[in-house]
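2 protein chains.
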Amino acid sequence: MKAHHLSALGRRTEDPPISWLLAMALGRPQLVSLAAGFTDNKSLPREKVRRLMREILSSPQTGQTALQYGTTAGDPALRQLTSQHLCRQDEQPASRPAYSPERMIITNGSQQLLYMLTEALCDAGDLVLVEDPSYFVYLSILQSHGIQARGIRMEADGVDLDHLEGVLRDLQRRGELRRLKLLYLVSYYQNPTGRTTRYAKKAAALQLLRRFERAAGHPLYLLEDAAYRELRFGGEDIKSALTLNGARDRVIYTGTYSKPFSSGARLGFGLLPEPLLSAVLRIKGNHDFGSANLLQQLLARTLSSGLYLKHLDGLRQRYAYKARLMREAIERHFPAEVQWQEPAGGLYFWAQLPGRRATGMNSAVFRAALKNNVLYVPGELCYADDPSRRKPNHEMRLSFGGATEDSVRQGIARLGAVLRNRPRGR
Amino acid sequence: MKAHHLSALGRRTEDPPISWLLAMALGRPQLVSLAAGFTDNKSLPREKVRRLMREILSSPQTGQTALQYGTTAGDPALRQLTSQHLCRQDEQPASRPAYSPERMIITNGSQQLLYMLTEALCDAGDLVLVEDPSYFVYLSILQSHGIQARGIRMEADGVDLDHLEGVLRDLQRRGELRRLKLLYLVSYYQNPTGRTTRYAKKAAALQLLRRFERAAGHPLYLLEDAAYRELRFGGEDIKSALTLNGARDRVIYTGTYSKPFSSGARLGFGLLPEPLLSAVLRIKGNHDFGSANLLQQLLARTLSSGLYLKHLDGLRQRYAYKARLMREAIERHFPAEVQWQEPAGGLYFWAQLPGRRATGMNSAVFRAALKNNVLYVPGELCYADDPSRRKPNHEMRLSFGGATEDSVRQGIARLGAVLRNRPRGR
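Taken in order, these protein sequences are the chains called A and B.
Here the first sequence is numbered in this note's numbering, starting from 15 and rising by one per residue.
Here the second sequence is numbered in this note's numbering, starting from 15 and rising by one per residue.
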């Protein structure tokens with residue numbers, strides 16, 4: 015018997031490190047986890063969902079529709095409502111072609127969109143540009159498909175454009191541009207850094223990509239992942255890349271109802287240019303021929319009833335409050351040498367230890383934290399395997415999403431105690 | 015610009031022909047569709063779901079759980095209940111290892127299980143054995159991944175074992191056995207033929223596969239797709255391949271709650287041997303890190319409350335009634351030269367026209383049927399692209415699942431009128 019009878023993809027697909035972190039948290043009730051990207055339990059829309067489910071299931075017509083198969087692209091009403099909602103966010107007329115419901119697919123969270131898009135567009139050996147650091151499950155998808163990721167350095171307001179241009183030039187010089195497919199930006203309150211991309215940077219990045227298209231020999235897409243966009247509790251909303259010139263042909267936009275409404279009724283969506291949309295629809299036909307209609311009818315009614323915006327108001331206040339708690343705890347407990355930025359939305363703080371003090375799963379800091387019953391996501395897990403630079407390993411992602419108020423305070427206090435002791439070593 | 019910048023998979027993935035059939039039905043309200051594999055609207059469990067949703071969402075504890083993320087493998091209670099349910103069906107002690115909830119993954123319908131299993135196990139160029147004809151969306155999955163399917167002839171009680179052995183020998187002779195990964199059986203009320211595989215045939219097929227394993231150099235799996243198992247309205251239930259000796263290492267079993275409960279709250283499951291289970295779990299982590307928890311909590315409560323079995327009772331009577339309607343209509347309206355078998359469960363009749371009269375989408379029969387406002391699934395769509403035999407093209411799949419009573423009667427009457435006219439030609 016051959017030891018490895020799995021496919022190449024089966025062998026390449028790795029156990030996500032986060033699952034180890036989650037499993038660890040399950041087994042130790044006294045452990046405070048600031049690791050998971052869970053949503054806040056208290057703010058889950060239990061009453062709203064109960065009311066809407068009752069409405070949907072009370073009438074034979076809407077009830078039967080919800081319990082029957084839908085279409086592969088997703089419920090037309092939900093696509094229409096999502097499109098309108100996006101137009102309002104971006105202050106665009108509802109007729110703007112880039113936002114057409116005809117260009118939209120409803121998916122099982124934005125995660126499934128990222129997966130299917132990768133399948134539709136990329137072969138093993140292809141290249142994708144990602145923020146450095148980036149969303150680690152997207153990095154896992156790329157890795158499992160044998161796709162290489164190149165990290166683009168980040169600044170406080172998004173990717174470093176000079177570095178992006180340098181990498182594109184370098185790829186052109188090496189004749190590798192033909193393998194490049196897209197640039198992936200988690201543009202709002204990024205996972206893991208909490209940073210938001212300035213609008214002018216989205217525009218400049220798209221322009222840069224276009225400049226190199228001739229050399230690439232095919233379109234270079236900008237993939238905007240707006241998963242955290244609606245979890246804004248400070249500052250202005252920034253317009254999406256869909257508003258840019260030429261967006262209809264080059265911008266892929268994905269969003270989700272999972273984080274802002276309910277991760278248990280998980281739905282997301284994508285807006286895609288052709289021929290990507292058709293390809294992703296065909297792939298969705300093979301995955302599951304359409305997301306669960308009951309959840310889609312629930313979300314459509316949430317949007318059309320106005321309950322969605324109402325829920326967002328409360329949710330933003332709640333996350334603003336929890337982020338403030340975490341900031342105050344960090345200010346009080348972390349030594350001054352630790353750098354961190356306060357996010358204006360999303361679920362995460364990002365902290366950097368000085369002097370190359372390692373934070374990885376085998377590091378002295380991580381082990382001391384675990385011993386002190388607190389868990390974080392080691393920053394190095396969020397960096398692509400990009401051989402062109404050393405992987406930073408002195409950072410941590412701290413989530414205030416799932417933890418209770420007490421846990422946020424206690425977790426940061428425990429972590430602060432660990433950091434003040436300055437444990438060293440990998 | 016290159017015309018084709020999609021991935022190999024993106025280019026290979028074809029538009030499922032069924033989507034064309036469905037789209038056609040949408041645009042023509044007077045058309046009776048006997049094509050779609052939809053479930054019966056009248057029997058959808060609207061009242062039950064309303065009651066269970068109210069229960070789940072009334073308590074903060076169960077409500078919050080349902081609206082929050084779950085685990086990648088799926089809700090432990092749902093896996094436990096599903097395992098117990100399977101043990102009862104197969105008359106096995108709940109402690110039997112092959113049925114352990116630890117071996118189970120909850121998926122978005124059994125469709126997603128079929129997809130992820132293919133990803134985990136098969137590379138482009140690999141081989142899979144399928145029934146001839148077989149479930150066309152599985153054939154699409156294979157085709158999109160560049161996997162070749164070889165058709166095994168069917169008899170009234172499942173695959174022709176002599177042909178199976180002959181194909182295995184042939185592959186061995188040609189040195190192609192190393193590319194073979196599994197045999198796929200839709201063993202209960204098969205889609206599209208309605209046929210059920212006799213227990214002894216499952217056992218013999220598994221034994222045959224084992225005999226050729228040494229030459230293959232790796233395990234040869236039996237993939238049992240039991241999607242229609244619970245839609246039984248006649249005869250005895252037949253034990254699954256999980257009861258066979260060695261099943262724990264070689265049988266992959268998949269089932270669904272989509273057909274027997276609600277296709278709008280779509281959930282399925284798989285029981286898998288290692289290392290397939292781990293590989294599929296890792297892949298699921300990249301697809302969507304777990305199916306929607308709200309639906310899982312709904313199904314768990316449906317099972318634990320006893321409402322599931324109650325629902326099944328009613329559903330079976332309903333489908334038995336609709337199958338009888340279709341049989342009576344066929345007996346009345348079809349010319350005697352058309353052959354057909356009455357199924358003992360599931361959603362489909364399968365009919366064969368004599369004298370090589372073609373039924374495909376470009377055939378005179380199909381066009382006459384369309385003109386007469388009735389739609390069926392042409393049999394040829396259910397055959398793999400297997401160059402070793404000519405694809406039969408004189409059959410049709412007729413579904414009594416989604417159509418109303420009137421539509422079943424009227425659709426068959428219209429089709430009968432077409433068939434009595436004996437249109438000929440491709």
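Hints were generated in silico from the structure; no laboratory data involved.
Don't take every hint at face value.
For chains that are exact copies, the list does not tell them apart, and a pair is met inside one copy or across any two.
Dumping the calculated SDA-like pairs for lysine to any residue here, alpha-carbon to alpha-carbon at most 25 Å [as the list claims (entries may be wrong)]:
no.	residue 1	residue 2
1	K56	S72
2	K324	Q82
3	K56	Q78
4	K56	E69
5	K324	E179
6	K324	Q78
Evaluated hints:
1. For the homomeric pair K56 and S72, the shortest alpha-carbon distance between copies (14 Å) is at most 25 Å, but the shortest distance inside one copy (27 Å) is not.
2. In this homomeric assembly, K324 and Q82 come within 25 Å of each other (Cα to Cα) only across copies, at 19 Å, whereas the closest approach inside a single copy is 29 Å.
3. Taking identical chains as interchangeable, the C-alpha atoms of K56 and Q78 lie at most 25 Å apart only when they sit on different chains, with a minimum of 8 Å there against 31 Å within one chain.
4. In the homo-oligomer, the alpha carbons of K56 and E69 lie at most 25 Å apart both inside one protomer (23 Å) and across protomers (18 Å), since each shortest distance falls under that limit.
5. For the identical chains of this complex, K324 and E179 are neighbours neither inside a copy (42 Å) nor across copies (64 Å), given an alpha-carbon limit of 25 Å.
6. For the homomeric pair K324 and Q78, the shortest alpha-carbon distance between copies (19 Å) is at most 25 Å, but the shortest distance inside one copy (28 Å) is not.
Consistency with the previously given hints fails for number 5 only.
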